[in-house]
Structures are given as structure tokens and as C-alpha cells.
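Read in my numbering, the sequence shown has 45 at position 45, and its numbers run on one by one without any break.
Derived by calculation from the structure, the hints in this document are not laboratory data. Check the hints yourself; a few may be wrong.
As the list claims (entries may be wrong) - DSBU-like, lysine-lysine: derived pairs with alpha carbons at most 30 Å apart:
id, residue 1, residue 2
1, Lys123, Lys141
2, Lys15, Lys123
3, Lys141, Lys46
4, Lys46, Lys15
As the list claims (entries may be wrong) - Computed spacing ranges between beta-carbons, pair by pair:
id, residue 1, residue 2, range
5, Asn71, Tyr28, 22 to 28 Å
6, Ser150, Ala22, 17 to 23 Å
7, Tyr144, Glu55, 34 to 40 Å
All values reported here derive from a predicted model rather than from experimental measurement. Idealized CB from N, CA, C, for every residue including glycine.
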Amino acid sequence: MHIRRVSFDHPDAMKLNDQVQAEYAVRYGDDGDATPMAAADFDPPKGVYLIAYDEHGTPVASGGWRAQDTNDEGNLDGDAELKRMYVIDGMRGRGLARRILAALEEDARAAGRIRMVLETGTKQPEAIALYTSSGYEPCAKFGYYRLYESSRCFAKDLRTTG
1 MHIRRVSFDH PDAMKLNDQV QAEYAVRYGD DGDATPMAAA DFDPPKGVYL IAYDEHGTPV
61 ASGGWRAQDT NDEGNLDGDA ELKRMYVIDG MRGRGLARRI LAALEEDARA AGRIRMVLET
121 GTKQPEAIAL YTSSGYEPCA KFGYYRLYES SRCFAKDLRT TG
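With the hints as extra help, turn the sequences into a complete structure.
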């Protein structure tokens, strides 16, 4: 298994993004995550997008972070927003999401980001379990879905955690 930095518009990233969007649509009964994002949001040093590949070169997991600062959606200066964490169905339960998450935290910390934040939903209990077991705590709601009852937001201070 190896993790590679790619652009958000890389064909493998687009393939995994389509899969996670389809899963969101099933779980929430909608068209998937409508949060506005651009490929440039994940260009270093203001973000990064990672894909884990198996021994055959197949993309099996992804995740990224993008810089956010104080805005009208509730972000704070120094935020690194976690986006598109996903592991394909047949590879779940092997620690891939935890490895991607650790790599993203390390990268955001190195880029000078202060806090990693994320928004997930009540219909993603596996995600909530991953984040809370990784030191994330509930925080004030932010982002595109901040007014939705099913939205759950979490944060982790990158200055005091390794």
C-alpha cells in the first residue's frame, strides 16, 4: 500500500469522488455532497489531496484538506478542512482511513495550519467513530451544511497533537 499526492482533478481522484458521492446519495437520499470545491483548493501549500493505492496500482482510498480562514460559514483563521475521506467498500476495516487521516494531519501541520476541522453527518457513524477515536471533538458547526440538523462538525488542534 502506498499513498501518493495527486491533484483533485486527477482521473483516480475523480473516480473515487464519484464513488463517495454515490454513497452519500444512497445514505442521505440526495445528489451527494454539494459543498463547492475546486481542484485548486487542494494545491499545496493551501491543501493536499492523497490517494492510497494497493499493490496492483488500484486506487482504494482518498482524502484531502484545504485551507480555510475566518469566513461567513463559521471557519476560523488557520483551519484545515478535511474533505472526501473515502475507502472503497472491499478495503474497509484495514486502517486505510486512519493512515490517510494521519498523513493529512501531518501535511496540514507542516503547512502551518492550526486546526483540522471536518463536517460529516449522522448517517455516517463509521466516520464519526474514526474521528472521535482519532482525537477529534465536537465543535461549532461550520461550512455548507452547518444549518442541517443531520450535520456534525468536529475539530482537532494540530498544535498540541502529534
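Going down the list of hints, with the structure as the test:
Among the hinted pairs, Lys123 with Lys141 is consistent with the structure: their alpha-carbon atoms are about 17 Å apart, no more than 30 Å. With a C-alpha separation of about 22 Å, the suggested pair Lys15 and Lys123 falls inside the 30 Å cut-off, and the hint holds. As the CA atoms of Lys141 and Lys46 are separated by approximately 22 Å, the hinted pair is consistent with the 30 Å bound. For the hint pairing Lys46 with Lys15, the CA-to-CA distance comes to about 23 Å; that is within 30 Å, so the pair holds.
Checked against the given bound of 22 to 28 Å, the beta carbons of Asn71 and Tyr28, roughly 24 Å apart, stay inside it. Between Ser150 and Ala22 the CB atoms are about 18 Å apart, so this pair conforms to the stated range of 17 to 23 Å. Separation of Tyr144 from Glu55 is about 36 Å and conforms to the stated range, judged on CB atoms against 34 to 40 Å.
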